[in-house]
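Visitor: For this one, chain A is given, so just place chain B on it according to the hints.
Number of protein chains: 2
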Amino acid sequence: MGAGIPASVRELDEKDPLREFRARFALPPGVIYLDGNSLGALPVRTASRLAEVIAKEWGQGLIRSWNDHDWVGAARRVGDKIAPLIGADAGEVVVADSTSVNLFKLLIAAAAARPRRKIILSEAGNFPTDLYVAQGIAALLPGLSLRAVGTDGIWDAIGEDVAVVLLTHVHYKTGHKHDMARITRRAHESGALVIWDLSHSIGAVEIDLGAAGADLAVGCGYKYLNGGPGAPAFVYVARRLQKDLQSPITGWFGHAAPFDFAKTYQPASDISQFLSGTPSVLGLMALEVGVDLLAAAPREALFQKSRALCSLFIELIDSSCPGLEVVTSRDPKARGSHVSLRHKDGYPIVQALIAQGVIGDFRAPDIMRFGFAPLYLSYAEVFQAAAALRDVLATRKWDDDRFRKRARVT
Amino acid sequence: MGAGIPASVRELDEKDPLREFRARFALPPGVIYLDGNSLGALPVRTASRLAEVIAKEWGQGLIRSWNDHDWVGAARRVGDKIAPLIGADAGEVVVADSTSVNLFKLLIAAAAARPRRKIILSEAGNFPTDLYVAQGIAALLPGLSLRAVGTDGIWDAIGEDVAVVLLTHVHYKTGHKHDMARITRRAHESGALVIWDLSHSIGAVEIDLGAAGADLAVGCGYKYLNGGPGAPAFVYVARRLQKDLQSPITGWFGHAAPFDFAKTYQPASDISQFLSGTPSVLGLMALEVGVDLLAAAPREALFQKSRALCSLFIELIDSSCPGLEVVTSRDPKARGSHVSLRHKDGYPIVQALIAQGVIGDFRAPDIMRFGFAPLYLSYAEVFQAAAALRDVLATRKWDDDRFRKRARVT
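Here the protein sequences come in this chain order: A and B. Numbering that gives the first Met the number 0 applies: residue 0 is where the first sequence begins, and numbers increase by one. Numbering that gives the first Met the number 0 applies: residue 0 is where the second sequence begins, and numbers increase by one.
Calculated directly from the structure, the hints in this document are not laboratory data. There may be inaccurate statements among the hints.
Heads up, the list lumps identical chains together, so a pair's fine if it works in one copy or across two of them.
Using 30 Å as the maximum straight-line C-alpha spacing, the simulated DSBU-like pairs for lysine-lysine come out as follows [to be verified]: (1) LYS80 with LYS55; (2) LYS172 with LYS262; (3) LYS262 with LYS242; (4) LYS172 with LYS404; (5) LYS55 with LYS172; (6) LYS172 with LYS343.
Since we're looking at a predicted model, the values are computed, not measured.
The shape of chain A in the complex, shown without the other chains:
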C-alpha cells in the first residue's frame, strides 16, 4: 500500500518521535484502524501478561494472589499510573466498575454536596449514557432534575440552581472539545461542581485536571488507553473533595477496612471509597498494560501528533472530497483526536471503507467518525485512508445493498 505516498508524508513518519510504538501493538495486516476512539488496539504485551495472570497468578497462586501478586492493590496502582495522564496526583484516581456506574456515583455524590441546588446541567447530545444515568438519578431522587442545553447555551445555563455540571470533554460525535479550565472556573464562580467525562480524550489529548481546578472526572479504559473491550473505567476525585463526598454504592471494597468484615459501613477516607464490589482482576491487568504503554510515551509528542494526524486528514478531505462536510473543528485546540464527516449515506460509505480495510465508524443519522490514536497510527495511514475514502466516493462503491444492512452494533 506504500506506493503514491508523498515524500512530505513519509518524512512526517520518519521524524515521528513515537514511531517505535507501532510495533508494540498487534494490529492486523491490511487494516488501517481509525476506530481507536471506540475500541483501542491490542498491545502486544497484553497476551503474555494475561496468560501469566491466568496461569500463574490465578491457576497456581489461587486465593493467595490477592496478597502475593497484589491484586488487592491493583485498582489504586493502575489509578496512580493514570493520574499523570490527566494532570492528577497519586491518590486522586482509582480504577473501578464502568464509566456509567462511576458517573452514577459521582453525580449523586456531587448533588448531595450541593443540597440546595436541584439541577444537573449537561449538554444536549452528550454521550447517551451520561444523559441516561442523569435521567435515572433524577427519577430516583425527588427534586433533582436534568437540564440538557445546546453546546452554545452551557455557559449561560450555569446558574445558581445548578448543583453539578456534567460534560464530556471531547464530544463523541462532533469531536468538539470543551475548554475545561474556563467552564470549571465559571461553574465554581456560580457555586457548582463539575464532572468531566474524559472517555474521548484521555490518552490522546492534553488534560490537566489540576491546572483546571477540576473537581471530579470519570473515563473509560477501552479507547485510547487500550485496555481491551469493556475494560474497567476510572474515577477521579480531587483530594480536597475526598472527605466531603460520599459514594452511594457502598460496597465492601470501598470500606476503610474491607477485610475486617465489620458490621457497619465505614467509607475509606481516600479515593478507595469510590470502589464498590470486588474489582475485575483480569480487566485491571489488561488495562495496566495499555496504561504502561501510554506512560512510556513522551506526552507532548503524543498530543502534538494527535493534532497533526487530524489536521492532515482534514486537509486531505478538504482537497480531495469536496462533497463532504467536516463537522469537527479545524482549530486543533477546539477538538479531540477524531474527525467527523457528514454525509447522508454515511452508513454504507463506512461499510464500504471497512470492506477495504479502513475501519472507521458511523453515528446516526449521518456522521462518519475517524479516530487518530497517536500511539500506533502513521501519517502514511492517514494519507491512505483519505485516498480510500476519495475512491469510495468517486466510484460510488458504497452504493451497494450489502453495505446498507445494519449491524446490531454500529
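Guide: Just chain B now, kept in the frame of chain A:
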C-alpha cells in the same frame, strides 16, 4: 500423598461420576485447594479461550467483534447458561457488574415496588457488602431503613413494614443454608419481595428459584462458577417482575436500543434492563468457560458430592480433632458446600495448613473455613486435609510467629 488413604475413601473416588472433571482444572501440584468458595480454581480451557479472545477477537477483529464474535450478546448468553444452574428460565438472568452493584440495583428496584413499606430486612452477620449496600441505600433514600436481625429472628421480623428481605442463601461464615422456599412463601404472604444472594451456593448447592417462587437474586462469578478473580456477577429477575421493576443505574447497555443513541432513556423491556455500562468482555468470556464446565456436569451428582465431601470432612474432624467446634450444620440440607470450624487460634492454624499446601481461609474472630468444590475435589483430598489439620493441631505446628503475621487480605 496417597499412602494411608482408607479403601473406603478410595472407593468413593473410584465411583465418583464427576471424577473426570478434575483433569479439566489446572490445579497446582502439592496443593489441596479448599478455598473454591472464595476463589474458584482455574479451568484448563480458560487460558486458551482468553488467548483467543485477546489475539483473534480483540487484536484482529477489533471493533468488529462486537458483532462478528457476538460480544454484544455475551451478557445475555452467559446469563442463559447460568439460568439452569439456579432453576431459572432463559431470559431471567443476565451477567453484569459486581455482586455489590447488582445488589444496589435490586434493592432500590424492590423497595420502589413496595413504596408504602420502609424496611429492608436482612440478617445480622450477613456478608458485609450486602449490609453495607443496604446501609448506603438507607442513607440515600429518606424513609428507608435497614433492619438486621439474628438468624432465628428473621421469620418473625417479616412484617407488614418490610419492603424487601435480603438474605444470603448460604452464610459465608457459618455455612448455614436458609430454606429458600419457606422464607419466600412467608415474605410473599406478608407482601414483601425477597432478594437471594447466591454467591456462596451457586455451582455447589441445589437452587431452584422457580420452584421457590423467588423474586430476585444476585450472585458472584468467581467462587464455584470458576470465572476468575473479580469475575462479573449476575442478576436474576423473575419474568413476572421484569416489567414492573426499574434499575436505578440507567446506563446505555440497559437501554431498549443502545445503538440508536437516542436522547431519552428507555429501559429494555426484559432482563437486559439490568445491564448498565459496557460489559467486561474479557471477564465474560472467562466466566463462560467456568459456567460451561458446570453445565456439563450432571447436577444431582454435583450436589450429592458436595454433601458427601462435607459430611466426610465433618466425620473425620469429629473423630480426629475433638478439640474443634464444628460450626456448620451436620444436616446436609441445612448447609452449603463449606465447613467452618471454630478455634481461638484459627488464624495461625490456617496459615500453618497453607504452608503445608492445604489451602483454606480464616474469618475473624475465630472461624476456619474449608470449601468443598465438588467439580474438582476428591474424597482422598478431604481425607488428607483432615489428616493435615489433625497433625498441625497435635504437633502445635501453628504455634509459630511466622503464622501469626496478618496479611492484607485474609
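Visitor: Would you mind marking each hint as holding or not holding in the structure?
Guide: The hints, checked one at a time:
1. LYS80 with LYS55: both (24 Å within a copy, 28 Å between copies)
2. LYS172 with LYS262: between (46 Å within a copy, 13 Å between copies)
3. LYS262 with LYS242: within (22 Å within a copy, 34 Å between copies)
4. LYS172 with LYS404: within (22 Å within a copy, 54 Å between copies)
5. LYS55 with LYS172: Between copies, since 28 Å is at most 30 Å while 42 Å is not.
6. LYS172 with LYS343: The answer is within: 15 Å in one copy meets 30 Å, while 61 Å across copies does not.
Violated hints are absent here; each numbered hint is respected by the structure.
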